[in-house]
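Produce the entire structure from the sequences given, and follow the hints as far as they go.
There are 4 protein chains.
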Amino acid sequence: MELKPRSADWEQRVRKSFEAQAFMEHLGARMVHLEPGAVDLELSMRPELTQQHGFFHAGATSSIADSAAGYAALTLFADGTGVLTTEYKINLLNPAAQPTLVARGRVLKPGRTLTIAQADVYGLSDDTQVHVATGLFTLMSVAGMKD
Amino acid sequence: MELKPRSADWEQRVRKSFEAQAFMEHLGARMVHLEPGAVDLELSMRPELTQQHGFFHAGATSSIADSAAGYAALTLFADGTGVLTTEYKINLLNPAAQPTLVARGRVLKPGRTLTIAQADVYGLSDDTQVHVATGLFTLMSVAGMKD
Amino acid sequence: MELKPRSADWEQRVRKSFEAQAFMEHLGARMVHLEPGAVDLELSMRPELTQQHGFFHAGATSSIADSAAGYAALTLFADGTGVLTTEYKINLLNPAAQPTLVARGRVLKPGRTLTIAQADVYGLSDDTQVHVATGLFTLMSVAGMKD
Amino acid sequence: MELKPRSADWEQRVRKSFEAQAFMEHLGARMVHLEPGAVDLELSMRPELTQQHGFFHAGATSSIADSAAGYAALTLFADGTGVLTTEYKINLLNPAAQPTLVARGRVLKPGRTLTIAQADVYGLSDDTQVHVATGLFTLMSVAGMKD
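Residue numbers (full-length UniProt numbering), protein chains in the order written: chain A, 1 to 147; chain B, 1 to 147; chain C, 1 to 147; chain D, 1 to 147.
Worth flagging that the hints you see were computed from the coordinates, not collected in a lab.
The model shown is predicted, which means the values in this text are computed figures rather than measured ones.
There's no promise every hint is true.
Pairwise CB distance ranges (calculated) [what the hints assert, rightly or not]:
id, chain 1, residue 1, chain 2, residue 2, range
1, A, 112, D, 99, 42 to 52 Å
2, B, 9, D, 124, 50 to 60 Å
3, C, 8, D, 35, 33 to 43 Å
Straight-line C-alpha distance at most 25 Å; calculated SDA-like pairs for lysine to any residue [what the hints assert, rightly or not]:
id, chain 1, residue 1, chain 2, residue 2
4, A, 109, A, 11
5, B, 146, A, 109
6, B, 16, B, 26
7, B, 109, C, 15
8, A, 109, D, 98
9, C, 109, B, 146
10, B, 109, C, 129
11, D, 146, C, 94
12, D, 146, B, 111
From the derived model, a few chain C residues whose C-beta atoms are all more than 10 Å from chain D [what the hints assert, rightly or not]:
id, residue
13, 6
14, 17
15, 31
16, 36
17, 37
18, 38
19, 42
20, 48
21, 78
22, 97
23, 99
24, 106
25, 108
26, 125
27, 128
28, 129
Ideal placement from N, C-alpha and C gives every residue a C-beta, glycine not left out.
This is the structure we're talking about:
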C-alpha cells in the first residue's frame with residue numbers, strides 16, 4: 001500500500017507538533033525516522049522511566065508507542081486538521097531494560113476520519129533486538145484543530 | 001464481590017512498590033486511595049504532561065491508569081509474587097485539561113495467575129468531573145519477583 | 001448521564017435492523033431489553049454455539065456483545081445514518097456453560113461520529129449469575145447507510 | 001523466530017479439537033492451513049453470516065479470527081494442556097462482502113502460560129484481497145484441560 005500525504009507541508013508539520021509535545025520532551029523521546037505513514041521514536045534508559053523492578057514502565061513504553069502511531073497518522077492528514085488518539089490496545093510481550101527503546105508507528109489503514117495504525121516497540125542493545133510490545137491504535141482527524 | 005487480600009502485609013507492600021516506581025514520581029503521581037482491589041492515583045496538571053494542544057498526553061493518562069490498575073491487582077496478590085501488566089486497552093473519551101486527573105483502578109476478576117482490572121480516569125475541577133478515559137487491564141502475578 | 005434519542009423512530013429502527021441481522025438469527029439471539037443507550041441480547045445454550053470443551057465459544061459470546069453494544073449506540077443515532085463497529089476489545093472472565101447467556105450493551109459516551117459503549121456478558125442459571133465477559137466497543141455513525 | 005511444537009502429536013491434536021468446535025461447523029469454517037504457530041481458517045459468504053447491510057457480521061469475522069489465533073497457539077502447547085482465549089482486541093478495517101473470508105492466525109510470542117497471537121482477516125475474490133480486520137489475542141495454556 002502506497003501512502004500519500006495530503007499536505008505538501010507534512011514533514012514540517014509533524015516535526016513542529018512533536019516538538020510541541022512537552023510530555024515527549026519530559027520523557028526524553030527523540031524522533032529518529034519520519035516518512036509518509038511511518039514514524040520511529042526512541043527513548044534512552046533513564047531511572048525516571050522505570051517501574052519498581054527496574055524495567056521501563058509500561059506507561060513509558062505505551063507513551064512512545066502512542067506518539068509514534070499518532071504521528072505516523074498525522075503524516076497523512078489534510079491541512080487544517082489535528083490528530084487525537086481515540087483508543088488503543090497494547091500487549092507487553094517482554095519486560096525491557098535495554099539501553100534504547102524504539103517505537104515504530106506504521107499506518108495500517110488511512111482514512112478521512114479514522115486512521116488505524118500499529119506500533120511495535122523494541123529494546124535495543126549492541127547486538128540484540130527484543131520485541132517489547134505491539135499495539136493497535138485508532139487516530140482521529142479533527143477539523144479545525146491546529147497541528 | 002468481596003475482595004480479600006492474601007498477604008497480611010498488602011498495604012505496606014503496595015505503598016513501598018509505588019514509591020519505587022521512579023516513573024510515577026517523574027510524572028508527579030500521588031496515591032490518594034488504597035483498599036483491597038481498589039487504588040486511586042492523581043496527577044496535577046503541569047506543562048510537561050501535555051501534548052501539542054495543551055491537553056494531558058494520552059501517555060500520561062494511560063500511565064496512571066495502568067499503575068492504578070496494577071496496584072489494585074497487587075493488593076490481592078500472595079506474598080512473594082510481583083505484578084506485571086501483560087496487556088491493556090484504553091478508550092480516550094474526552095480531552096482533558098482540568099487541574100487534576102484521577103485514575104481509579106478496580107479489580108473486576110481476581111485470579112491466581114491473571115487478574116483483570118478496570119481503570120477509569122476523570123478530570124476534576126472545582127465543580128465538575130469529566131470522564132476522560134476507561135480501560136481494561138490484564139495483570140499477571142509472577143512468582144519470585146519481589147514487589 | 002441522560003441519553004436522548006435523536007430520531008423519533010429509534011425503537012422501530014433498532015428492532016427492524018436487528019431482525020435484518022441474519023447472523024443473530026443464525027445464533028438464535030433474542031432482543032430482551034431496549035431503551036435509549038441500552039440493549040440486552042440473550043442466547044440459549046445450544047451445542048452449535050460451543051467450542052471444544054462444551055463452553056460457549058468466545059466468538060458466540062463476542063458476537064452478542066458486539067450486537068448489543070452496536071444497537072445500544074444505534075438507539076441514539078440521527079435518522080439517515082447507519083452503525084458500524086470500528087473496533088472492540090473483550091476480556092473473557094469465566095468460561096460459560098449456563099442455560100442462558102445475556103449481553104448488556106450500554107453507551108458510555110455518545111457522539112456525532114463515534115460512540116463508545118461497554119458490553120458485559122453474564123451466564124444465567126436458576127439462581128446464579130456469572131460474569132462471563134466485559135468489553136469496550138467503538139461504534140461509528142455512517143451517513144447515508146440505511147439502518 | 002522459529003516456533004517449535006512441544007507435542008509430537010500437535011497436528012492431530014489441533015485438527016481433532018477444531019473438528020470438535022461445533023460453533024465453527026455452525027458457521028461453516030474450514031481449516032485451510034496448519035503449521036507450527038500458524039493456522040488459517042476460511043468462511044464462504046452465506047446469508048446467515050451477515051449483518052443488516054449484507055456485510056459479514058463483525059461477530060463472524062471475529063469468531064474465525066479468534067479460532068485461528070487460538071489454534072495457532074495450540075500448535076505449540078505441551079501435551080495435557082488446553083487452550084482458552086483470555087482476551088482479544090480487533091479493528092475492523094473494511095466492511096467485507098467477498099465470496100471468501102480468510103483469517104490468518106500467527107503466534108507473536110509463545111509462552112508456557114500465555115501466548116500472544118495476531119490474526120488478520122482478508123476478503124478474497126477472484127483478483128483482489130481486501131484487509132478486513134486485524135486483531136491481537138491472548139491465549140492461555142490450561143493444565144488438565146483436554147484439547
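Now for the hints, and whether the structure bears them out:
no., hint, result
1, 112(A) with 99(D): 42 to 52 Å, "28 Å, violated"
2, 9(B) with 124(D): 50 to 60 Å, "57 Å, holds"
3, 8(C) with 35(D): 33 to 43 Å, "56 Å, violated"
4, 109(A) with 11(A), "19 Å, holds"
5, 146(B) with 109(A), "42 Å, violated"
6, 16(B) with 26(B), "16 Å, holds"
7, 109(B) with 15(C), "34 Å, violated"
8, 109(A) with 98(D), "19 Å, holds"
9, 109(C) with 146(B), "39 Å, violated"
10, 109(B) with 129(C), "14 Å, holds"
11, 146(D) with 94(C), "17 Å, holds"
12, 146(D) with 111(B), "21 Å, holds"
13, 6, "19 Å, holds"
14, 17, "5 Å, violated"
15, 31, "13 Å, holds"
16, 36, "20 Å, holds"
17, 37, "19 Å, holds"
18, 38, "19 Å, holds"
19, 42, "15 Å, holds"
20, 48, "4 Å, violated"
21, 78, "17 Å, holds"
22, 97, "13 Å, holds"
23, 99, "17 Å, holds"
24, 106, "18 Å, holds"
25, 108, "17 Å, holds"
26, 125, "20 Å, holds"
27, 128, "21 Å, holds"
28, 129, "21 Å, holds"
Going through the hint list in order, the structure does not satisfy hints 1, 3, 5, 7, 9, 14 and 20.
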